[in-house]
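Whole structure, please, built from the sequences with the hints as guidance.
Spelled out, the chains give:
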Amino acid sequence: MDLRRTMLFIPGNNPSMLQNGGVFGADSVILDVEDAVAPGEKDAARLLVAHALRNVDYGRSETVVRINTLDTFGKEDIRAIVPCEPDLLLIPKVETCADIKEALSLVIEAEQPGQKPVNLVALLETPRGIAEAYNIAQADKRVVAIALGAEDYTAALGANRTKAGTEIFTARTIVVNAAAAAGIQSIDTPFTDANDEEGLLEDTIVAKQLGFKGKLSINPRQIDVIHSVFNPTAHDIDWAEQVIEAIRRAEAEGSGVASLNGKMVDAPVVNRAERILHLARMLGMVKEAE
Amino acid sequence: MKNVIGRDIPDYIEEYGRVVPFAGAFNTLPTMQRQAPRVKTIRPGATKLIDSLEEVFKRIPVTDGMTLSFHHHFRNGDGVVNMVLATAAKLGIKNLKVALSSIFPVHAPLIDHIKNGVVTALDTNYMSGPVAQAVSRGIMDKPVVLRTHGGRARAIECGQLKIDVAFIAAPAADDYGNINGVQGTAACGSLGYAFPDAQYAEHVVAVTDYLVEYPLSPVSIPQTRVDYVVKVESVGDPKGIVSGTTRITKDPVGLKIADTAARVIQAAGLIKDGFSFQTGAGGASLATAHFVRQMMEQKGVTGSFALGGITGFMVEMLEKGLFRKLMDVQGFDLEAVRSIGSNPNHLEVGADFYASPYNSGCAVNKLDVVILGATEIDTGFNVNVVTGSDGVIMGGSGGHADAAAGAKVTIVVANLLRGRLPIIVDKVLTVTTPGETIDVLVTERGVAVNPRREDLKQELLAAGLPVKDINELKALAEKIAGIPQSLTTKNKIVAVVEYRDGTIIDVVRQVED
Numbered sequence: 001m002d003l004r005r006t007m008l009f010i011p012g013n014n015p016s017m018l019q020n021g022g023v024f025g026a027d028s029v030i031l032d033v034e035d036a037v038a039p040g041e042k043d044a045a046r047l048l049v050a051h052a053l054r055n056v057d058y059g060r061s062e063t064v065v066r067i068n069t070l071d072t073f074g075k076e077d078i079r080a081i082v083p084c085e086p087d088l089l090l091i092p093k094v095e096t097c098a099d100i101k102e103a104l105s106l107v108i109e110a111e112q113p114g115q116k117p118v119n120l121v122a123l124l125e126t127p128r129g130i131a132e133a134y135n136i137a138q139a140d141k142r143v144v145a146i147a148l149g150a151e152d153y154t155a156a157l158g159a160n161r162t163k164a165g166t167e168i169f170t171a172r173t174i175v176v177n178a179a180a181a182a183g184i185q186s187i188d189t190p191f192t193d194a195n196d197e198e199g200l201l202e203d204t205i206v207a208k209q210l211g212f213k214g215k216l217s218i219n220p221r222q223i224d225v226i227h228s229v230f231n232p233t234a235h236d237i238d239w240a241e242q243v244i245e246a247i248r249r250a251e252a253e254g255s256g257v258a259s260l261n262g263k264m265v266d267a268p269v270v271n272r273a274e275r276i277l278h279l280a281r282m283l284g285m286v287k288e289a290e
Numbered sequence: 001m002k003n004v005i006g007r008d009i010p011d012y013i014e015e016y017g018r019v020v021p022f023a024g025a026f027n028t029l030p031t032m033q034r035q036a037p038r039v040k041t042i043r044p045g046a047t048k049l050i051d052s053l054e055e056v057f058k059r060i061p062v063t064d065g066m067t068l069s070f071h072h073h074f075r076n077g078d079g080v081v082n083m084v085l086a087t088a089a090k091l092g093i094k095n096l097k098v099a100l101s102s103i104f105p106v107h108a109p110l111i112d113h114i115k116n117g118v119v120t121a122l123d124t125n126y127m128s129g130p131v132a133q134a135v136s137r138g139i140m141d142k143p144v145v146l147r148t149h150g151g152r153a154r155a156i157e158c159g160q161l162k163i164d165v166a167f168i169a170a171p172a173a174d175d176y177g178n179i180n181g182v183q184g185t186a187a188c189g190s191l192g193y194a195f196p197d198a199q200y201a202e203h204v205v206a207v208t209d210y211l212v213e214y215p216l217s218p219v220s221i222p223q224t225r226v227d228y229v230v231k232v233e234s235v236g237d238p239k240g241i242v243s244g245t246t247r248i249t250k251d252p253v254g255l256k257i258a259d260t261a262a263r264v265i266q267a268a269g270l271i272k273d274g275f276s277f278q279t280g281a282g283g284a285s286l287a288t289a290h291f292v293r294q295m296m297e298q299k300g301v302t303g304s305f306a307l308g309g310i311t312g313f314m315v316e317m318l319e320k321g322l323f324r325k326l327m328d329v330q331g332f333d334l335e336a337v338r339s340i341g342s343n344p345n346h347l348e349v350g351a352d353f354y355a356s357p358y359n360s361g362c363a364v365n366k367l368d369v370v371i372l373g374a375t376e377i378d379t380g381f382n383v384n385v386v387t388g389s390d391g392v393i394m395g396g397s398g399g400h401a402d403a404a405a406g407a408k409v410t411i412v413v414a415n416l417l418r419g420r421l422p423i424i425v426d427k428v429l430t431v432t433t434p435g436e437t438i439d440v441l442v443t444e445r446g447v448a449v450n451p452r453r454e455d456l457k458q459e460l461l462a463a464g465l466p467v468k469d470i471n472e473l474k475a476l477a478e479k480i481a482g483i484p485q486s487l488t489t490k491n492k493i494v495a496v497v498e499y500r501d502g503t504i505i506d507v508v509r510q511v512e513d
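Sequence lines, in order, name chains A and B. Using the numbering used here, you'd call the opening residue of the first sequence number 1 and step up by one each time. Using the numbering used here, you'd call the opening residue of the second sequence number 1 and step up by one each time.
Mixed in with the good hints, there may be bad ones.
Unchecked claim - List time: in silico DSBU-like cross-link candidates among lysine-lysine, alpha-carbon distance up to 30 Å:
1. A/42 to B/250
2. A/163 to B/250
3. A/42 to B/479
4. B/299 to A/208
5. B/250 to A/208
6. B/479 to A/116
7. B/2 to B/299
8. B/239 to B/299
Quick caveat, the hints were computed from the structure, so don't treat them as lab data.
Written out as structure tokens, the structure reads:
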């Protein structure tokens, strides 16, 4: 399981931000040559991002490039970016399984012999994309996550975007379910008011509750808040450890049924506990399993 | 000769005199008596109110070769220095020494006074703008004396900077010479940097545009030390004096650094009742206060005092009960002015009280933590805040070296890369603050601890902070930006950098054209 609690957008035409992108502790940095960059500056940004990928140390942040759509500058982006070995490409406005297959064939074509395969994240930001979410999620094993882009999506619906987010409730649950069905990660839409820390916290809590594994982020200041929601709490870890202990005890006693505080511990409960402990271990919140 | 930190300085500097080399932050002890100005008297009924600066010049009288002093509380809105020097020029006075606690772009007319021989010496704690650039290019024969805020107070009190006439820009005054900084259109808050001048100058002149009926209240500088009061049209431009509100930076890198600095303070175990703190008003420094405040609120800690230059942010912390007192030597914004004028827990302190090393105790000695900036820092933790990457003077110690020496933990916050230049070098161009008084460097890519503070290093490591060797951080910066070419300067010494105790820590040489 890769950690993608936060995927931070960095404008691909901002040298200082490109240089510093790795210092904020985001799980992924998304070097953006799509929405952040005006059409007249696409070439310059593509060049900058390519250089950044080759020369900047992004520390423990995974590198992602959001390319343009394939009908605009996306093909050139793939040709220039893929050989620089980003970990992932974020493909915008994906609507069908065919979109993924087309992008993937271009990616494979651009890959240099011996280079690490570049995986994909599909950004779903149209009603069609949401409707096709599961097909997109399972289009290829290189698709490691699907993400929701709610701004374009609600514009296409003709719905007002609100902080409460009732207008994207359905899209969110579809994305989460499609990803889970395909066995990949689901990433939530960004919270766009960088100055509203309370709002971000509430929005992230909702996302986690619905089952998202992470959230897109448009400002480094959002990272700590988002992490605080997706990180397991001390209480979670405590519970998970007790579950695992109960299972061990039951096994040792040769009993087929384990229970904790009077509740039966069955396979889904164990899975959840194991997921929490795995995350906690990745974050250094508990010592490695004995 | 080389001083104790290996800076090459002459034994004798033309137009400055014999050099006493820096010997360590606390190794040079005072052996002198305090300065004692001539005793004055004034008969009942005599007036101090004079019509014009010209008349004051004649009464004193101001003559060739005198030292005139000024404070910098009006910053880039100051009108008094230019007014006084224009008067001197008009009266044909030459060879003056200007002891102005900080020099700003607004003081550009000084350049002509220097060219015309009206002013031949400068004594200051900070300079930026055209005068600093002209000095760097060698406009003066005498080297400028760059001091610290505490060092200037010391030099005045110990008779090493003898002031003939102190012209004190007064936001409000009465006709008998009582002065405060909290009333009038040029209200600037604390007048702390003018306190030593008022105490030790031979003559003291209040220059005001806001004359109130006797007696003025509150009183910052008392009538007992003021000889003349001059009413002028305007003492300065309020827009350049204080800012409206001082805001926390939104720069994500600055915030990252500030957040890390606050964690350093927490890891050192200092966020507890009685905590005392100083920070600057700029970028990452003020943002550190923001994160420290969150920690104090979370733990329910009541601090003792915040010190130094005071902003509205500190005022809010005082009013919310996070600090019991503010000790204010200089206010930065309108909130600081409002608060010092109305809150008895917001104390006005003089530069000597704040930071002089040669008295029976200054406030920086009581600091737990100070957050400071740097234009360069070297692998020995020596800090430069005087010269820029081009060798041109663009600042000065101010209270930097004083607070660094006094605080239990001194933290320098800086971007590892400033523009395209690494902040860490093998040897800074100019040392302002010796490495022995700097404990921690916080950058966006890691924290370096002075090897003298192994105890602190262990605490930071235990708290999971990204501690790295300073050489490792330097290598990291150089990997990104390359190694900058070292700067060559001319031989002429344009400024001597005095440590707070009056020893010479470094010199600034003329830049190439």
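Violations among the numbered hints, reported as their numbers in ascending order = Numbers 7 and 8 - these are the hints that the structure violates, sorted from lowest upward.
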